[in-house]
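So the protein sequences, as listed, match chains W and C. Each residue of the first sequence is one higher than the one before, counting from 83 in our numbering. Each residue of the second sequence is one higher than the one before, counting from 9 in our numbering.
Note that these hints are calculated values from the structure, not bench results. Ideal Cβ placement from N, Cα and C applies to all residues, glycine included. Possibly wrong hints are sitting among the right ones.
[Claimed, not checked] What the simulated footprint calls covered on chain W by chain C, stretch by stretch (three residues with Cβ under 8 Å from a Cβ of chain C suffice, anywhere in the stretch; the number is not a length):
hint, stretch
1, 87–97
2, 104–110
3, 161–172
4, 203–217
5, 243–253
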Amino acid sequence: MTINLLMIFIAAVLTQNIALTYLLGMCPFISLSKSLRTASGMGFAVIFVITLTALINWPIYNYILVPLHSELIYYIVFIIVIAGTVQLVEMIMEKFFPVLQAAFGIFLPLITVNCTVLAVSLFMVIRDYTYLQSVVFAFGASVGWILAIVIVAAINEKLALVGDIPKGMRGPGIVMTIAGILSLAFLGFAGMVNV
Amino acid sequence: MALAEIKQSKSLQIVLDGIWRDHPVSSMVLGICSALAVSNTVANAIAMGAGVAFVLVATAILISGLRNIIPRRVRMITYMIVIASFVIIVDRFLKAYFPDISESIGPYVGLIITNCIIMGRAEAFYSQNNMFHSVLDSLSNGFSYTYTLVAIAIVRELLGFGTLLGFQVMPEAFPKWVVISMAPGAFFVLSLFIWLTRTLAKVESD
Chain W
83 MTINLLMIFI
93 AAVLTQNIAL
103 TYLLGMCPFI
113 SLSKSLRTAS
123 GMGFAVIFVI
133 TLTALINWPI
143 YNYILVPLHS
153 ELIYYIVFII
163 VIAGTVQLVE
173 MIMEKFFPVL
183 QAAFGIFLPL
193 ITVNCTVLAV
203 SLFMVIRDYT
213 YLQSVVFAFG
223 ASVGWILAIV
233 IVAAINEKLA
243 LVGDIPKGMR
253 GPGIVMTIAG
263 ILSLAFLGFA
273 GMVNV
Chain C
9 MALAEIKQSK
19 SLQIVLDGIW
29 RDHPVSSMVL
39 GICSALAVSN
49 TVANAIAMGA
59 GVAFVLVATA
69 ILISGLRNII
79 PRRVRMITYM
89 IVIASFVIIV
99 DRFLKAYFPD
109 ISESIGPYVG
119 LIITNCIIMG
129 RAEAFYSQNN
139 MFHSVLDSLS
149 NGFSYTYTLV
159 AIAIVRELLG
169 FGTLLGFQVM
179 PEAFPKWVVI
189 SMAPGAFFVL
199 SLFIWLTRTL
209 AKVESD
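This is chain W alone, in the form it adopts within the complex:
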């Protein structure tokens, strides 16, 4: 059981990285990968929200929607849970952890439209994970996402100092290319674990 959980975690971080293999969460990738600082700030907010929404969505799906035979509306339910969680987290942080709020408060509203959050909940349902597996997968997937965005942001920052990039390629174009090369590198992890 523990080995199984470890495998799920490693697969989610490295071999099936949610950003570089499933190509998710690309919008914030483009806008936030200009600086390492912003990227890591966003990353921690994402880990928090993804894990929390998976924790909430799993029981809602399995104990409310499945017994009522209303799996059909799970898109609506998940998106409301995500939007609600983000709002709630923001309010709680504002009240009790003003330091944290100042650190990554501005990223929270953006997370609602980060497709990684919804995707993790959808994958969890499609793959029939148990509760514990879902939580480990959600944590792993978000760690994988922050790993990818931090590496891309770091490369992008260095490149901006030395590189002479063609005009049309600046901004999103070069981020895509860096992500492509990184994705090639991550292909090297494939076969390490099979889930």
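Let chain W serve as the given structure and place chain C on it in line with the hints.
Then chain C, alone, in the frame of chain W:
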């Protein structure tokens, strides 16, 4: 109507903006998650493009029709519920009539909900304009999203599988360039596409 008059009409401006000037994928870089993920074959790209276009048009009709009733404070969540409902329709439709495509694009259909194009257009345009202009805008955005996906998919399917829409196009001896049909290829082809369109359109980099 004189040609100059047509050129200045708002409707034409909206269509042109959507198709070329404010191209959703290359100039505003929206909705690229799905542009990357489902552009490995042309069939998937067409299904995804059509799905997004349908949701865009339906959302445009509903949001622009209700724009004076929706309270501002809860508008985001309202848009999300409207979009999610139409996405469920697309998902059911694909499952019923195109089970193969539904199988291969899997969770990405559900991710139309978080496709920033729809949310972005709803917030920026449909909530402030009348129904006719909103529908025009949604049609032109849906069309340009679809042609972008299909353009990327043609390159990727041709190089990655040697086929187009499942038909063998390249000669048998053509070595399949598998990596193009995988994730890295998606990044490379999209970055080249952005480079090309931005150079042609002379979009200033921000």
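Flag every earlier hint the structure violates by its number, smallest first.
1
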